[in-house]
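Starting from the given sequences, assemble the full structure and let the hints guide the process.
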Amino acid sequence: MKKSIIIMGILVLTVVTGMIITHQTRESVRPTQSKKVAATIFPLYDITKNIAGGEFEVVLMLPSGASPHTFDPQPSLLKELSGVQTVFAIGQGLDDWSHNLAESVGADVVRVDTGISLRATVDDHEEHEHDDQHEEDGHGHDEEHEGHNHGPIDPHYWLSVHNAQQITTNIADVLSELDPENATRYQANANAYLEQLEILEEELEGQTASISNPNIISLHDAWYYFADEFGLNIVGTFEPSAGKNPTPQYLETLEEEVEEHDVSILFLEPQLSTDSIKAFATDHNLGFATIDPLGGVEGRSSYIELMRYNVQAVVDTLK
Numbered sequence: 043m044k045k046s047i048i049i050m051g052i053l054v055l056t057v058v059t060g061m062i063i064t065h066q067t068r069e070s071v072r073p074t075q076s077k078k079v080a081a082t083i084f085p086l087y088d089i090t091k092n093i094a095g096g097e098f099e100v101v102l103m104l105p106s107g108a109s110p111h112t113f114d115p116q117p118s119l120l121k122e123l124s125g126v127q128t129v130f131a132i133g134q135g136l137d138d139w140s141h142n143l144a145e146s147v148g149a150d151v152v153r154v155d156t157g158i159s160l161r162a163t164v165d166d167h168e169e170h171e172h173d174d175q176h177e178e179d180g181h182g183h184d185e186e187h188e189g190h191n192h193g194p195i196d197p198h199y200w201l202s203v204h205n206a207q208q209i210t211t212n213i214a215d216v217l218s219e220l221d222p223e224n225a226t227r228y229q230a231n232a233n234a235y236l237e238q239l240e241i242l243e244e245e246l247e248g249q250t251a252s253i254s255n256p257n258i259i260s261l262h263d264a265w266y267y268f269a270d271e272f273g274l275n276i277v278g279t280f281e282p283s284a285g286k287n288p289t290p291q292y293l294e295t296l297e298e299e300v301e302e303h304d305v306s307i308l309f310l311e312p313q314l315s316t317d318s319i320k321a322f323a324t325d326h327n328l329g330f331a332t333i334d335p336l337g338g339v340e341g342r343s344s345y346i347e348l349m350r351y352n353v354q355a356v357v358d359t360l361k
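Quick note, the working numbering runs 42 ahead of the 1-based positions in the sequence shown.
Some clues are possibly wrong.
[What the hints assert, rightly or not] Okay, derived cross-link-like pairs now, EDC-like style, lysine to aspartate or glutamate, Cα gap no bigger than 20 Å in a straight line: (1) K91 to E340; (2) K286 to E297; (3) K91 to D155; (4) K78 to D150; (5) K361 to E294; (6) K121 to E145; (7) K91 to D215; (8) K320 to E294; (9) K78 to E99; (10) K121 to D150; (11) K78 to E223; (12) K78 to E97.
Don't read these hints as lab results, they were simulated from the structure.
Spelled out as structure tokens, the structure:
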């Protein structure tokens, strides 16, 4: 009898122990709430990854090589965005396509321009156009003739290293709010990255100080913050707005600017069509070089690499 009781006790103890272990195992593998954010363009994506330090998964919304002005999001992007808590965006009309995507996955959209001195859009030579303009608000979807108007504020503020420092601070603050337990880490990562940006800003300003003729013509109106920071003078843009081909009247005015300001170089961009501007350069015996507002490709695989590339391209062609 005693033996039966002992055996029964051992069996009960074994079952109870197994239940406890199973419960603990289930608890240990239960998935934690995902920490996932997204960024609309590569420069924001790279800055965010530097601050997150692996704590957050970061999704890049705009594919490398694409332009935010002509981007047509595909349904597959929604799958990548599943679980995203916050979308970091430029705003000011550049990446409005992010709003519907964020809403679809229940994410907030946070603009990163807090504390940045934004400049007004330059209506470069628009007053000289006499043709009727029928531009629609928003982004043209792979139809270059439609063009894209940003609105009253120039959204390309990330092309200033000084502004990138404020962007870094803004993103670090948001990540700290989303994940307070690791806030100290995010702030430390941000401070380390800010030191790199401060060194970069000083380095690039030193390089551009040697430019003798700062007058340039860019493909479209992305480069005014960049020009302000590095002492360049944009006397015109080839496209009246991103993706919109210039009219003959517009080109006549641009020719006058080339002659008046002794412009010798036109600057192209890899995300937009360059056939027309190259033809203009050939017709007027002008050189051309490529500068990149977005990066995310070999040789420009970080924000810091991107800015070094752009400044070097300008210095090499204007020295």
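Do the hints match the structure? See the list:
no.: 1; hint: K91 to E340; result: holds (18 Å)
no.: 2; hint: K286 to E297; result: holds (18 Å)
no.: 3; hint: K91 to D155; result: holds (18 Å)
no.: 4; hint: K78 to D150; result: holds (12 Å)
no.: 5; hint: K361 to E294; result: violated (27 Å)
no.: 6; hint: K121 to E145; result: holds (13 Å)
no.: 7; hint: K91 to D215; result: holds (14 Å)
no.: 8; hint: K320 to E294; result: holds (16 Å)
no.: 9; hint: K78 to E99; result: holds (5 Å)
no.: 10; hint: K121 to D150; result: holds (17 Å)
no.: 11; hint: K78 to E223; result: holds (15 Å)
no.: 12; hint: K78 to E97; result: holds (9 Å)
Violation of the numbered hints given earlier is confined to hint 5; every other hint is satisfied by the structure.
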